[in-house]
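Chemist: Based on the hints, put chain B in the right spot on chain A.
So the sequence lines, in the order shown, correspond to chains A and B. For the first sequence, the residue numbers in the working numbering are 1 to 387. For the second sequence, the residue numbers in the working numbering are 1 to 387.
For the record, the hints were derived by calculation from the structure and aren't laboratory data. Incorrect hints may have been included.
All copies of an identical chain are treated as equivalent in the list; a pair is satisfied when it fits inside any one copy or across any two copies.
[Stated by the list, open to error] Here are the computed lysine-lysine pairs in the PhoX-like style, where the Cα-Cα straight-line distance is at most 25 Å:
1) Lys331 x Lys65
2) Lys165 x Lys189
3) Lys341 x Lys65
4) Lys65 x Lys189
5) Lys187 x Lys165
6) Lys65 x Lys330
7) Lys303 x Lys331
Number of protein chains: 2
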Amino acid sequence: MKNACERFGYESYDASVLEPAELYRGKTSEEIVAEQTYTFTDRGDREVTLRPEMTPTIARMVAAKRRELTFPLRWYTIANVFRYERPQRGRLREHWQLNADIFGVEGVEAEVEIISLAHQIMLDLGANESDFEIRVNDRRLLNGVFKDCSLTEEEERVIMRLLDKRHDMADFDEKLSDAVGPERANKLKGGLSSAASSAHLEELLSLLYKLGITNVHVDMSIVRGFDYYTGTVFEVFDTSPDNNRSLFGGGRYDNLLQMFGEDAIPAVGFGMGDVTAHDFLEAHGLLPRYVPATELMICVMEKEHIAHALRLAQDLRREDVAVAVNFSGKKIGDQVKQANKLGIPFIVAVGDKERDSGHFTLKHLPTGNEFILPAENIPAHMLSALG
Amino acid sequence: MKNACERFGYESYDASVLEPAELYRGKTSEEIVAEQTYTFTDRGDREVTLRPEMTPTIARMVAAKRRELTFPLRWYTIANVFRYERPQRGRLREHWQLNADIFGVEGVEAEVEIISLAHQIMLDLGANESDFEIRVNDRRLLNGVFKDCSLTEEEERVIMRLLDKRHDMADFDEKLSDAVGPERANKLKGGLSSAASSAHLEELLSLLYKLGITNVHVDMSIVRGFDYYTGTVFEVFDTSPDNNRSLFGGGRYDNLLQMFGEDAIPAVGFGMGDVTAHDFLEAHGLLPRYVPATELMICVMEKEHIAHALRLAQDLRREDVAVAVNFSGKKIGDQVKQANKLGIPFIVAVGDKERDSGHFTLKHLPTGNEFILPAENIPAHMLSALG
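Just chain A, with the same shape it has in the complex (with noise of 0.2 Å):
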């Protein structure tokens, strides 16, 4: 993730786990804010909470120093953010999430350069195209139709959170019909079904196509479950019949930056959390293989070997190499035992011979097999046997 950050020009940022608690009262959904933080006082008697997601954090940032920073802005963190919510597959009460940002930019071109990353990112994790499907949608086509069958707003919430939940639900229209009558129910969705081939959208997906992006498309379902979005949303989703979920999603938020008395910026970016991403590659079998970053350990023969020990792994250090030395005293076969099990590639054992010859024994655990060397050839020799 972070790679691929920084390949489109992303910069890293970071910021502190603890906020004042107003930062997300009327910015954030307000179920988060109300029954979903960790939100308490501290010894100075400030009401601060533990994040429940970044946006308001980057926007209280880029707001206050709106004056230093060059536009387009792009920046992106890793970040612990936390729920108070029962965990459930999928969801932890903290997880990490990636979030990607770019300010200052009005044009699609900002929407395009963010789903791009996160397709990139998808790529990168080992998945397909077909892996996986974006949808994208705009909430100001949302609005139109909204408007046009004359909704309330307590109405617009409870459809928005049925087109939230419409792809888990089997009885989607009768649940429309129930909320706003089976007239108005039929005229939104004729709405909703016109709306999608908006001239937006359609330069949006047209620019995605020539970057070679061919599995997005627009669902007029996506909504977001954030008050903060103003335009185009997007959610990426698990094609996996045994996971077929959204994995995460983003979105422009043009008017944020205005709730800390500044002028709009326009803003575009997404969020993704290890827990969804841990399920798309457990489910595709993409799970990467633990390696440790140890790459060589010293066994020690006796005792009276360590001195010489430690300083054969200085040596090799200086030469950028991993070791670890095994100071157990454990017999040389248990040594080797627990080099295997740690999954450690390389071991050389410390006993008199070498110390006498100046020689070693490097022995490469997964083929078996061995070279005698002298201490200056082992990292080169490390490198080759690993190909």
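Modeler: Relative to chain A, chain B alone:
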């Protein structure tokens, strides 16, 4: 820090910032728990604390999984920790801290390794051995001297605090005498100075010397603030007259896991904060220059060239170049100014000429050098221009 830890065979771990408040009671400094934590009751009626340090967390984790883990176990993390105290030089309410710990080693080689790692990190940060010094002590020696002088528990606590502040104190002798009377004060000073030549500390220093670590010496005033240390303790001091203070430290805590109802596991570790590290680097002129992740800005002549610019960006990103496309719509000269301000080293412009010819002018801003090339040669030329 990450690289040094991994060269020493340490694997990264992570944990939630929220811990049960109970975790800190009786295990860490009483002052911190009672006066300096962010502690609150969550929606599930649990008393939770934003971790003020990492050692109780790692001890909890290791205790829970000790049967599955392989020892010696080497773990590190770079984690944020929280203390509600007056912000001051070297201290903030939230800061990031490297923690590295080795579990399962009784012998002095664990202290040798942990101190070597701390020393290596200082060198990797750009310090010379003369820029800092490592002061070591042993809690067991202190306890022996205290016992010989028949101190009460309360007197021990007062003297530990006096020793901890000794280097900032002009009237240490006087205060010591006030606390325990002149006779025992003299006995105490004598005891401390003869204890300093213990066999254990001498073995530690001798092994460190063999590894070329010579800026280390015994200092009986080093006590460390936490109650859980059981043996060797050490602190790294800045030798600069402008910043002559303790930078960080650690020590041996063999009994902490017993508090989780488990058998004791020997453990040695240290924590190093980002704020003191920053102050050290600043005092020694070692702060690194900010370099953005972005390597190339594509300047866009006219709106109609955006699709072309996006495709060029996509091609370059596939070659691992970090590319930002300038969507500002500003004049080309202003776009170049933006690249300069952001510290992005290369620019390339996209307009009619480039689209028609397929050749681009790559400019290296720091030198002004220009290269006219087809797109596919840009990545290699960027590498060679950077030398």
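Chemist: State for each hint whether it applies.
Modeler: Outcome of the hint check:
{"no.": "1", "hint": "Lys331 x Lys65", "in the structure": "between (61 Å within a copy, 24 Å between copies)"}
{"no.": "2", "hint": "Lys165 x Lys189", "in the structure": "within (16 Å within a copy, 75 Å between copies)"}
{"no.": "3", "hint": "Lys341 x Lys65", "in the structure": "between (50 Å within a copy, 15 Å between copies)"}
{"no.": "4", "hint": "Lys65 x Lys189", "in the structure": "neither (44 Å within a copy, 55 Å between copies)"}
{"no.": "5", "hint": "Lys187 x Lys165", "in the structure": "within (20 Å within a copy, 78 Å between copies)"}
{"no.": "6", "hint": "Lys65 x Lys330", "in the structure": "between (58 Å within a copy, 21 Å between copies)"}
{"no.": "7", "hint": "Lys303 x Lys331", "in the structure": "within (11 Å within a copy, 70 Å between copies)"}
In summary, the structure is inconsistent with hint 4 from the numbered list given earlier, while agreeing with all the others.
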